[in-house]
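Q: Here is how the chains run, residue by residue.
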Amino acid sequence: MMRPPGWQRITTVLRNPREALTLSRGNIELWANLLIILCALVFMVLKGATFAVTLGTVFGIWAMLSISLNLVVGYTGLLSVGHIGFFGLGAYTVAILTSTTAYENLRTGEIPTFGWPFFAALPVAVLVAGLVALLVGIAFNRFRDDIYVLVSFGFAIISFNVFLNFRALTRGAFGIHDVARPQIGNWVFDTELELMLVSLVLLAIVVGISWFIVSSSFGRVLKAIREDEQVAEVFGYRATHYKLAVWVISAMMTGLAGGMFSSWTTFIDPNSFILLESILLVSIVILGGLATIWGSLLGALAFVLLEEGMRFLPFLPQEYVGQARQVVLGVLLVVLMMFRPQGLVGRFKL
Amino acid sequence: MEQHSSTTEIRPHTASEGMTLELRDVSVHFGAVAALQNVSLGVTTGELAAVMGPNGAGKSTVLKAIMGLAPVTGGQVFWRGAPLMAATHEIVKQGISFVPQGRRVFTHLSVSENLELGCLYLNDRAEQQRRLDSVLELFPVLYDKRRDMASQMSGGQQQMLALGRGLMANPEALLLDEPTLGLAPIIVKEVFEKVHEINEKLQTTIFVVEHNINGVLDIANRAYVLDKGRLVHSGTPQSVQETNILTDVFLGRLGGESEDEL
Amino acid sequence: MSESPGQRDNYILETLDISKHFGGVSAVDGLSISIPRRGVTSIVGPNGSGKSTLINLLSGTLPLDEGIVVIDGKRLRTIHAYETPDHSITRTFQEVRLFDQISVLDNILVVLTTRKFWAAVFERTNRQYRARAQEILEQVGMWEKRDALAMDLSYGQRKLLEIGRAMALNVNIYLLDEPFAGLFPQMLERVKVLLKGMREQGRTIIFVSHNMEIVREMADHLIVLDGGKLLLAGEVEDVLNQPEVISAYLGT
Amino acid sequence: MLNYFSRKERLIAFLLVAIVLIYIGWRSISSPEQAMQFGFNGLSVGAVYALMAIGFTLVYSTVWFFDLYYGAAAALGAYGVFYLRSQEWLGGQYQVNTPVVNIILALVVAGVAAWVLHAILYSRLRERVDPTTLRIVGGLLAIALGAYTGLVLTFPSHLHVTFGPVAALIVGVAAIWGLRLLFERLNGGRGHLAFQAIAVLIGAALAIYIGIFLVNSPGSKLYLSWAVSCLIAGTVGLALYRGLYVRMRQRSRSPLIMLVASLGILLALTACISIVFQSAPRPLPDPFGSVPWTIGGANIKGFNFFAIGVAIVGFLALLSVLKWTSFGRAVRAIGDDEEVARVVGINTTVIIAIVFFVGAAFAAMAGILSGHDTAIQPRMGLLLMLKGWIASVVGGIGNLYGAILGGFMLGLIEQFAIWDLAGEWKDVVAFGLLILFLSFWPRGLLPRK
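Protein chains in written order, with the working numbering: chain A, 1 to 350; chain B, 1 to 262; chain C, 1 to 252; chain D, 1 to 449.
Treat the hints with caution; some may be incorrect.
[Claimed, not checked] Restricting the straight-line Cα-Cα distance to at most 20 Å, the calculated cross-link-like pairs of lysine to aspartate or glutamate (DMTMM-like) are:
| hint | chain 1 | residue 1 | chain 2 | residue 2 |
| --- | --- | --- | --- | --- |
| 1 | A | Lys349 | C | Asp152 |
| 2 | D | Lys323 | B | Asp148 |
| 3 | C | Lys196 | C | Glu138 |
Think of the hints as simulated: they come from the structure by calculation, not from any bench.
Isolated chain A, as found in the complex:
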């Protein structure tokens, strides 16, 4: 079931409190769980509920992203640094389809607007991301290990350049304004609380799909392929097909997160989809732990808390918060690779 890893330890610790004092290797999962959740609680108390609601939306988006990336990294062993591309695809599809702001480009003339409602554009975004992922996946299926990382870097760069330069569609560096908010009938999800609601509902869908796949026979085959592709083939599974399928599913869920993101900010430009964001995403997944859904949730939570928490630090000027978080994440990656390659609560070591 979806029990957080280390749950059994919590019950044993409750029965035998002395064990809580011994921070042994095996307890890292428990401590990571407790620490991050405790931080979240403290944060909520300190900052108040309104702020926590905003944070909830951001958390929902990052969690969707990291869960879907974890499906690829944790269950096929392929380290994709290119998922930000699918995120951008989802975001841009929703933005282009829903935005009604006219925009005139000197070179291309007026760009048409569609004005679709959010919930009509969202499935299209998912489909677009999936379709592109299918093509990309077919091309990438022969790569692995370090070369896979390189070509996935390539996908991130190429998609960023497309967002930036394909002005006739994406309006380039000017970005797209007035992306529609989610709307059902006359109920527009306009406030932060409502947006958080949508974000968390979408997150629940992503978690559900991931869990459904991972806990099925399909998920088990994926893990086997990750461990030893050739042996899995000897037992009758065509590894490339399975890898491609999970890649496409993962990209579709990333596209979903992208759609949510663009509706939340209502304005997107290529700067949200730079390579650095993708590297950060990878580090969240590795930090939380590979091949667990709970780990990805935890990683995303830690990531969001880290940024907001750093604003508390008195000696850190506000403009350096992003950078400081990046330093912490980078150092964490190194430390994890050194001592705990499966991440905080992971089930798979790279």
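Please build the complex by placing chains B, C and D on the supplied structure of chain A, with the hints as guidance.
A: Chains B, C and D in isolation, oriented as in the chain A frame:
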């Protein structure tokens, strides 16, 4: 193979009594698997000792234990009466050269570069050159190909190259790991003759691990038989041939148990 | 060793002039062997004689360079690894290759579950699979260890689990590469019992071994390879008493 | 996955290259000025990629993993120059020189020096000299070196005094060593006392001449700052190898572990640079004046020639070291078979550490050149790293010739591609090229045999 006048620069070592290279009660474990269990064997100066046994008997592990390439979990290796504790890359400076299994020559380097690597630690170009000349003299086949890439040579030539690389360090003891594995019978004979020549002319102590029993017994002074990580026989080559120990070991008539700890 | 068509039914697996080259070296060189239906066939030979390469070729792990493999009457020029269960073949590996970072139970369940691509997404581990997995794990004596990761097992247990995994696939031909290597007596007996059980079920077992003692005990037929070629084939004791075998092992 | 070329593939490759060449030739004939311009720009950019690719390839062909730290090394190099020269370029308006950074770097240098001295001197002289004395002397030397680094960094405006003589000394020693080697080569591999004498004479003369030039001409501070930046970036690379990668290599065989760790380092260092220097882009002035020469109708900066020259000289120097010195032989041997290299008596840890140092220094030089060519910003390393990675893969993984060929080719193709496409698509072209190459010729142009 033609005879060569042995005006080589490699100096013969003076013989002395007792074991020069010795394993005392050495055990090696790879994880839970025991590759060697309390094995004691050795070689005296100027001798050629052969270690034999079927696949998986732990023959190669004996040499790897000496070179610090296998985790020794018990016992100790002695070299000239003192425990051998140097790091792998420093052992060669102490006079032990290792020729690993499978002709692992540096395939992207030329033959003479391969040879020079055998005494790279010297930092003395003149001495390197002298040794290069003498080794090339010992192996005429290498002299002809000295500018070629090692990858372009046949298996037998690569084996000669590996032997020559080992000799470049002017070793007191030469450890050979399966020098004839995967070579054609005629080449096998050539390799054994060369090993014999090195042993006889240069007075180099040789410790050879070999699966080709008949070939190696002709040239050895001392023989050990390993089975399933244990020493089952030690003595002269004659004693090995007289008993049926080898046939028994190879055809599984000996019984005995290998161990696998849980 | 080609046989007349009438005899073909007696053989479940035949190779016709198969070869495999690595660089300039022929690991398997125009090899033609026939493996009788049912019973245990052992493949022996000195180091580098092509035993493991033969297993790899038959299981599609390596592509064939030349020649034809006839499996149960089907003539195949190429064998894809993912088709081997359809040809009713499965195998184990010389260096144990388990799915390391998943549990012992999952290692078995992977083999049992459906091969249908989309059906797999909707398939949960049902009671039937679980029962079958338990049956197999109990046979190899590892039901208590079912939740451990495969990588945390000892060498002997890994070896047993790999054989168990192969057994879980319900096929006719089992290719076992060194199933007895490095096992201690109790484990060895267990593997022997497993193989005997499979033989009684009428499966064909082909195993590579260098342990002649076990070959004598277990095998019905013996194939001796040397230098990628067939040296001898036939009944175990007949073959082992031939002088060629001894000389192949001891070198010339 | 990696297969040798089939004959058909090779034919297609040749045909494609031929078509592209013919197309470029045709365009060049129809507008030679533009072709000249694009060609030079391409070669100049390609030189940067080539330097980067050489660094990657050197490390990859030795330890078989891509060290992504080199992205940060490039940025470190460029920002190192900015750090040392900012006082004069920006006047008093922006003071970046901070004791914290200087102390950290001095400590890194001292630590690395201590380890290197221990690993080389200690193991060599242990039997002849009392170990305690050796340790004390080594420690003092390391501390002195660290203090010296701090000194150099703290007074960047006196670089020609503090670092000039040392640089001259280094050049002199390198010259003596190189000349001796060259003479030996010319004499069929045999040394001679006369050669040594000549080499020492020439080397000493060179050192004195360069020393006088460097100390007397304040303009030399720029060149010295390049050298200091490269040395610092290299030292950090060595420290990372010694501190992290050695242990990771012992623990895990997976190439991804070290790749991810080095990605983390890249992430952290990039952010550190933007904290210290702020993230806005800054120009590095053109060292040779910004007035372009007009050659054949194209405007070409002297700096472009310089960049190409640096790449070629760096490549040739590295190549000859790898080919002709015993160090180079050891490096190639480790790339072939690390275990056997250790068995034949090579101290693999030290050799690999030096390789990491040199590779990072090359990356830093690439960063410096790119900084002078365009501008510097903290994230510049990321894209440079990727381009270098592409160049080394397209050229042929693990082949030094492939690295320089791939680098120049990538630069040229990027430039000639924007002839017909808009300039902003050049990154897409680069990665498109990569994916194309990896799909059809996974071993690159000049595969390692």
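Q: Against the structure, test the hints numbered earlier, and report the numbers of the ones violated in rising order.
A: Of the numbered hints given earlier, the structure breaks none, since each of them holds.
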